[in-house]
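> Whenever a hint applies, use it, and build me the whole structure from the sequences.
Going down the list, the sequences are from chains A and B. If you count the first sequence from 1, position 17 lands on 16 in numbering that gives the first Met the number 0, and the numbers rise without skipping. If you count the second sequence from 1, position 284 lands on 283 in numbering that gives the first Met the number 0, and the numbers rise without skipping.
Warning: the hint list may mix true and false statements.
If chains are identical, the list can't say which one is meant, so a pair holds when it fits in one copy or spans any two.
Stated by the list, open to error - Below, a list of computed lysine to any residue pairs in the SDA-like style, where the Cα atoms sit at most 25 Å apart: (1) Lys1 / Glu232; (2) Lys1 / Ser200; (3) Lys198 / Arg16; (4) Lys1 / Leu288; (5) Lys1 / Asp204; (6) Lys128 / Pro65; (7) Lys198 / Met228; (8) Lys1 / Gly231.
Derived by calculation from the structure, the hints in this document are not laboratory data.
Number of protein chains: 2
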Amino acid sequence: MKMLINVAENVVADALRGMAAAHPELNVDVENRVILRRDAPVAGKVGLVSGGGSGHEPLHGGFVGPGMLSAACPGEVFTSPVPDQMVRAAAAVDSGAGVLFIVKNYTGDVLNFDMAAELAEDEGVRIAKVLVNDDVAVTDSLYTAGRRGTGATLFVEKIAGAAAEEGRPLEQVEAIARQVNESSRSFGVALSACSTPAKGSPTFDLPPGELELGIGIHGEPGRERRPMMTSGEIADFAVDAVLDDLNPTGPVLALVNGMGATPLLELYGFNAEVQRVLGERRVPVARTLVGNYVTSLDMAGASVTLCQVDEELLRLWDAPVSTAGLRWGM
Amino acid sequence: MKMLINVAENVVADALRGMAAAHPELNVDVENRVILRRDAPVAGKVGLVSGGGSGHEPLHGGFVGPGMLSAACPGEVFTSPVPDQMVRAAAAVDSGAGVLFIVKNYTGDVLNFDMAAELAEDEGVRIAKVLVNDDVAVTDSLYTAGRRGTGATLFVEKIAGAAAEEGRPLEQVEAIARQVNESSRSFGVALSACSTPAKGSPTFDLPPGELELGIGIHGEPGRERRPMMTSGEIADFAVDAVLDDLNPTGPVLALVNGMGATPLLELYGFNAEVQRVLGERRVPVARTLVGNYVTSLDMAGASVTLCQVDEELLRLWDAPVSTAGLRWGM
Chain A
0 MKMLINVAEN VVADALRGMA AAHPELNVDV ENRVILRRDA PVAGKVGLVS GGGSGHEPLH
60 GGFVGPGMLS AACPGEVFTS PVPDQMVRAA AAVDSGAGVL FIVKNYTGDV LNFDMAAELA
120 EDEGVRIAKV LVNDDVAVTD SLYTAGRRGT GATLFVEKIA GAAAEEGRPL EQVEAIARQV
180 NESSRSFGVA LSACSTPAKG SPTFDLPPGE LELGIGIHGE PGRERRPMMT SGEIADFAVD
240 AVLDDLNPTG PVLALVNGMG ATPLLELYGF NAEVQRVLGE RRVPVARTLV GNYVTSLDMA
300 GASVTLCQVD EELLRLWDAP VSTAGLRWGM
Chain B
0 MKMLINVAEN VVADALRGMA AAHPELNVDV ENRVILRRDA PVAGKVGLVS GGGSGHEPLH
60 GGFVGPGMLS AACPGEVFTS PVPDQMVRAA AAVDSGAGVL FIVKNYTGDV LNFDMAAELA
120 EDEGVRIAKV LVNDDVAVTD SLYTAGRRGT GATLFVEKIA GAAAEEGRPL EQVEAIARQV
180 NESSRSFGVA LSACSTPAKG SPTFDLPPGE LELGIGIHGE PGRERRPMMT SGEIADFAVD
240 AVLDDLNPTG PVLALVNGMG ATPLLELYGF NAEVQRVLGE RRVPVARTLV GNYVTSLDMA
300 GASVTLCQVD EELLRLWDAP VSTAGLRWGM
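See below:
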């Protein structure tokens, strides 16, 4: 696979330099690999720190800014960041109100954020943690005990970010983040594998004419492989997989997310089918977001995440946000 | 190529249905293929109408909203919309202040917008037109007499949109749009071909290990084909091609644009190299935008567009905009 890179070893550092140049409103510490709100710490405000392997952009660095994350820690491609990054981020964003770690459920991330929490607390920063584990495709996976964390991360970061922006205390921000995760489920499909810079070739083999149902965001295997399906058939399968597990009793937020290489034209068409299925299942949709938000490098495919919301979560979702990857109302 | 679609014939209609569902703030006329600001016509405001073949999303439909386009007319994939769409859009957005057509320089678009202008004027709508032709890669091409219109379209739509939002008269909005086009140049590279739904396979053959320099946004041939280059080498080539033609004497806006399938991680890394070259050439950069804005379906690659700005253009660039694809300050 041809890539728009210099050398594989430097892709993350190069990207951070490019991000710093494009976003003067951010404080990008290239050397230590931490992306910060420029105004951090914000007095009285709970800090929100997330992070994970690179290759899922705009997640997480593209979600740093007023109304969402205080800081993000990018690891190497598809590799957890190290505790030092998280401790540094926590110290930089803590105003005394404490810090919430938002952790996608992958073994490396969980271990490193756990270690970072201990170290940060030793330094006097109060830490809470929420684990995101929304992917219903598989129970355990190559890289996780339990469900993987995928698209719901965006909902958790946005809604908890809005709560923190309002000055809520750490316990409340944590509880809201937990509620969002527990109210969210995702299911993804891959039409092609992705290629990491280090490997330089597809991470798995997906024959022409087949798709993988229930794929993870690193190309982890899903539930099954089938002959290629139409957009409508995929929507039926993915939405039903989510609804079977979520059983929503009220309106939902819908994220129709591209894995990276699927054109927006196709994603919008897929959204039409997702909305059709939700209509048939009598699930009211409060808001819909379509685009490439939680990606898997150059993988073609899409995921559907639904989050059941009450009035309060919906209000927090609608609250202003100003980040590189998600922005409205300010 | 596998695609997330139902049938090739319906991709544009399906996408419009999906867009309508995701964006209640827009008025998407699926049957007549016009995407409108919901509040159009805005009293006293010049209307801005653009359009072109589908497959370049978010351009143009994703740029409809306050501060940018009043309406967009999507054609079939890589095919000009028809005059009826443009006439309908012009009539819908005209408040009496007239309408500016923003036309990318492709033969079909030029002919159809010309015909639409005559028809709309017959119906009493005052029409001005601006042709976008920023791509320095080739003088003529498969689909154009003269240079192709590519990334600068975003600058023209944003800056002229801000001028219209301020209530400037048609002649001034047209003059500003023309100034932006004349101050802008682009150059793109492809690492892979794109596949149209109708063809179902890559539109051209690009061997492993080679890239195409000076590619158009439909996979039209560029200047030359070379063995694969590093991100830094590509930035040197592309930025120099733009600067050789533009010769900026002041600060520029920089758009580092993905062609669709290149991960954001790579685009940010490429931006670091673009900024390096601009620094070496002593070109001050006022603002930088990195992302997938003027795409070519699932093509891998990137383009660089520079627009020299004075204080007034920069102020209009910074003005609030609220569209699906570009949003800040509101």
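> It remains to establish, for every hint, whether it holds in the given structure.
Each hint, compared with the structure:
no. : hint            : result
1   : Lys1 / Glu232   : between (32 Å within a copy, 14 Å between copies)
2   : Lys1 / Ser200   : both (9 Å within a copy, 18 Å between copies)
3   : Lys198 / Arg16  : within (23 Å within a copy, 39 Å between copies)
4   : Lys1 / Leu288   : between (30 Å within a copy, 24 Å between copies)
5   : Lys1 / Asp204   : both (17 Å within a copy, 14 Å between copies)
6   : Lys128 / Pro65  : within (20 Å within a copy, 39 Å between copies)
7   : Lys198 / Met228 : between (29 Å within a copy, 18 Å between copies)
8   : Lys1 / Gly231   : between (32 Å within a copy, 14 Å between copies)
Against the hints set out earlier in the document, no violation occurs for any number.
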